[in-house]
Amino acid sequence: MAKVTIDGIEVDVAEGTTILDAASSAGVHIPTLCFLKDVQAIGACRICLVEIEGARDLAASCVMPVSDGMKVRTNTPRVREARKTVVELLLSEHDGDCTTCNRNEDCELQAVAHEIGVTENRYEGAKSKRTLDASTPALRRNTAKCILCRRCVTICSEVQGVTALFPQYRGFKTVVGPAFNKDLDTVACVQCGQCGAVCPVGAIIENDQIEEVWAALGNPNKHVVVQTAPAIRAALGECFGYPPGTRVKGQMVSALRRIGFQGVFDTNFTADLTIMEEGTELLLRLKKALVDKQEAHLPMFTSCSPGWIRFAEYFYPDMLPNLSTCKSPQQMMGAVVKSHYAKKVGKKPEDIFMVSIMPCTAKKAEAKRAEMNANGVADVDVVLTTRELGRMITQAGIDFRSLPDGTMDTPLGESTGAADIFANTGGVMEAALRTAYEIVTGQPFPFENLHVKPIEGLAGVKEASIPIKDTVPEWAFLRGATLNVAVAHGLGNARKVIERIKKGEAHYHFIEIMTCPGGCIGGGGQPRMTGNDTRKARIAAIYAEDEHRDLRKSHENPAVQKLYAEFLGHPLGHKSHELLHTTYTARAKIKAN
Amino acid sequence: MLTDKPAGDCHCTEPASPEELRRRLDEIITEYKDKPGGLIPVLQIAQGLYGYLPDEVVRRISLGLDKPYSEVAGVITFYSFFSTRPRGEHMVRVCLGTACYVRGGKQVLDAFKKELGIDVGETTADRKYTLEVARCFGACGLAPAITIDDVVHQRVKPTKIREILAKHMQAAAVAKGA
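From first to last, the protein sequence lines stand for chains F and E. Heads up: the first sequence is residues 0 to 592, going by numbering that gives the first Met the number 0. Heads up: the second sequence is residues 0 to 177, going by numbering that gives the first Met the number 0.
Bear in mind the hints are in silico, worked out from the structure with no lab data behind them. Where hints are given, some of them may not hold.
[Unchecked claim] Below, simulated DSBU-like cross-link-like pairs (lysine-lysine); rule was C-alpha separation at most 35 Å, straight line:
id: 1; chain 1: F; residue 1: Lys181; chain 2: E; residue 2: Lys34
id: 2; chain 1: E; residue 1: Lys34; chain 2: F; residue 2: Lys36
id: 3; chain 1: E; residue 1: Lys34; chain 2: E; residue 2: Lys66
id: 4; chain 1: E; residue 1: Lys66; chain 2: F; residue 2: Lys36
id: 5; chain 1: E; residue 1: Lys66; chain 2: F; residue 2: Lys501
id: 6; chain 1: F; residue 1: Lys181; chain 2: E; residue 2: Lys112
id: 7; chain 1: E; residue 1: Lys34; chain 2: F; residue 2: Lys501
Bound-form chain E, shown alone (with noise of 0.2 Å):
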């Protein structure tokens, strides 16, 4: 298993097992197939359960909506959001939309490359971070926009990122412990 964390909106400690995954998976692909506009959400919640969308998960869900498999990975590949290779515990996403990067975003992304040691779109060794890019999170005002997992950062400077990453991996303790 890749993760520990809570998988979904599963509160349970414990990792799913495969088969359970897929039941769930299943289940979600029944609620959604004859829902239009019922892909986008199908993907979220498969990328929820197992982290990322594995090959097996992409064409379940194809075949199971019977969405064409080329129409499915057309949608995967557009959204920087999805994923269909494993990801980190933690992802940090930094915003590259022209508010941002006009306010040193570039930079900031390149100090998270260099903190991490990895490039976009790459998953630290110690399976702990995944670094993306992101067009926008609606927070222009407060440029430049990073997120860790759920939370947004506000004009972070590159010289804070070290300080911003040990935070949230104390709150995530603290989280987990409660």
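Chain F with its partners taken away, still in its complex shape (with noise of 0.2 Å):
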């Protein structure tokens, strides 16, 4: 332990702890820019410096450990005009129209040069160069706004394991982009959004396509419905002053029909019609390497998290055909509604508007993808991150803390528990478990309140093994064997577990992989700053949807049975494989000139 006086006030803290947590406990706000919880603390951008007694230079709080008896002054003449001086010349290069930026008011850079009071730029001087890269269908950059912080670089190579983005140039000219600061579509990039999530100023964000939305709403021959993710109910509500983890799933519901959807689905109905096709898909292939002794390409990897296709079709092209061929719930949804449900309202496929509320920018990637059209149109039409759906609710003028809750439309906004949890690490597959060990088994899931346990949680890679005694006579080649999953989220973890398969250390037979830390809830399109803390609230939220459910498995969902009653026939079958399954391609890693 070490005793340090901060401001005054002693503390006793852990040797190593730096200056900045230290300071935190006790009660000492510092203001930093570059620095990042859980991912980066490299002391680049100097707004945190502090004085320490006896030091003669000024120190980077944020990566300076503490030792004991040092005595910290973080409110002082010199620190007050260093930090100032700090802004002021990341402003003097800056690119700060912030009343037309898509970040005003939501700005880490506005918010600390207000805190720490700039009120006039001093400095004038060359402005950071300018380049505008709207060559993803995910996201824009815009590096005139970048202020080098490096948090974008951190995410991308060290959490994600990809890399698209990289310190171009030396000096001023430096500058965070692809290779040779050419567009983003020029390099392995999976669209996951992670950059701009982590981004505390306007230089990477979401492909803004709220006017797209205003412009389907308004023309008179479209019918415009909307669906949302499981991950949208426990966050959209920080972007009205709740805290992370609120559920807001009826005030989502009523602002969704006070803006003009005429429908109101739910992609947890598709969630729930994908653990059918997905955990069908599982235990066929399960049958074709043990009965038949051929090959099944196991283990199978889910494939609902777009990033994570992505990443395969440019790292693993080889792991491929272990891919589940299920669309993503999101694409599932607007297949069926652009078939099934256009006939029972009497509409043509391509009069039907299918916007999408999701968490994440890598799902408008994927619902550009030429696979997508299952009836000769997109299935889906415009995806929208939370983010933007908060700005269009406040656009509409809608009071959303006042707003009463609403419901739903049947069949499409129908689902179960086991769908709630496609929110989160470890979520699809405790679905998919709860209804593939029921079909096998015939006895109910066997685990206390319905939690795997060893796969919840925010470790990197997760792992469980599940024994089946007896079995239903269908199944009875499953009999005494037991079922090996893991879980991943984070590239940079799908990428360890890849590894070790190949490596020929890891044997499994099913593995979910989610893109973003935590999962969707995690996801890039999500109210920032999303950091541990604010993901374990939101995944406490998304249980909690679970846990009051009358119904938790997918195939209880009555909706989705008749689905298959009067349209779909059954899981893998051929109106299923028409609408709801797909396929990959290898891509190169970096784009032919």
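Dock chain one against chain two, each of which comes alone in its own frame, and use the hints as you go.
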């Protein structure tokens, strides 16, 4: 332990604690910019400078460890002047069109400048180079807004293992971007948007498509419907001042109706449908391997997370046969809406405009895939992130906090608790196990409160083994077998799992991969900033959604059962194959000139 | 071919064929593939082979070493030693490190710009010279310093640069003839 004095307040902290953390435990706030808890502490931006008694220079508190007896002062004239100069120099280079910026009032540079009392620009000089990049369906880059904090570089390389972004050039000419500062689509970018999720300013943002949705809503020839992903209901409230983890499903539905959507559907419905398809696919692959003794491409990987799909297409094309062929729930919803639902409401597929609200930027890219047009038109027309929906609600003049609870449409808004947990790491696996176990054994899922504890939580890679004692006759070949599963979130962790499989060090039957840390609740389209505390709060909200349900297993969803009876036939049947399944393509890591 | 200069450590006078260059590049990539810190030596050797780092060479190195393309480009663009544009037969580097700068490096650079008729990073129309700025050769005591190819020239005066270039060309011609 070390005894440290911060602004006269004595605290005991563990040896090696940074001054920043020690100050926090003393109740002293130190402003930061490049620092991002759990992700990056590099002391680059120099906002967090403090004075240490006896030291000649100011120190960056985010990287400087305390020592016993250290006396730190965080609010001296010297510190204030240094911080101010740092921010003024950043502002002198920064393209600061605040009023038209996507990040206005949600900008850390703006907040820090305000916090430390910058009231004028003393420095005028050259501005950072402006490169506008609209090459991907998911993201928009503007290098003139970048303050070179490198958070995006760290998350892209160290957390996601993708390294699409890296500092290019040197000194004042430094630009954070893809190779040679060309467009993002020239390199292997999975469009997960984690870069934009951690960006303190407006240098990397989602491709804002709000206007496209307003245009469709204003078009009398379009029947505009919306679906919302499981993760939205645990995060949207943050756009309106609620703490992370506030459950706002009812208010969200009311807001969507007020905006003018003619149908409000739940991606949860197709999450349940996904479990029926994907669970059956897994069992059939197991049968092929164990009974028919044929190559069945095991382990099977989940396919709900489009960032992961692109990651596999770029980095592990040899594993593509191991990916479930199921479309993601978002795409399944679009395909069902533009076929079955269209017929029911007497519309042509091209007259229906399907909007998705997703926690995800990669979903914008997924919706644009050429394969995703089961009915001759795009399954999904526009994908909005949680943040965009928040802004749209504000634009519509809706007072979100005073909205009453609404309910989703039937049948496409009906779902079970198994669908809720698609929002977080471990959830798709747990949902699949709840159903697959009961189909195979005919027995109730034997886990306390239906939760498989070993695959819960924020550990990067999680494993579980499910013994199958007895089975119904149809699945007798699985009697006495043990199903080995793994769960990984964050693509860096996905890479670890795949490398272990390739080396023969790990043997699984089924693996869940979610692109973003924490799963969809930590997606690249969610309200900022998403740290581990926020992830935990949102996950707790999702489990609460699940636990408050009467039905918590996908195969018990009566609306899904009815869809099979009325329309699809059976899982993996001909209609399913046409509408709900897809193909993957190996991609070159560097775009040809 | 942009140069009749020997490529890399090869002492033959014939320029290597594209196939031969690629074969040697692949050898280097294989040699350094699993070595930590292998990227910079590979880039240096590749630039020695080709005279500069053409895009297809950069791509081949990125894929061959299994290093992200953006990271490889980040390293190339960070170091002024690396060039992604074809260069002249002779490389003129003028140091603008602190010591050279204060002792007149800027004037030396301006003199070279005028003499060669090119700006920094450019190559003369006859492909003889490329002009670049460098940051410190470690010859600060002899500032201002420049290098032409691998030869360091010290205490360079702007008025002397024509003479320095002529002498260098002479020496190069002798070396080539020998």
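Which of the numbered hints are not met once you compare them with the structure shown? none
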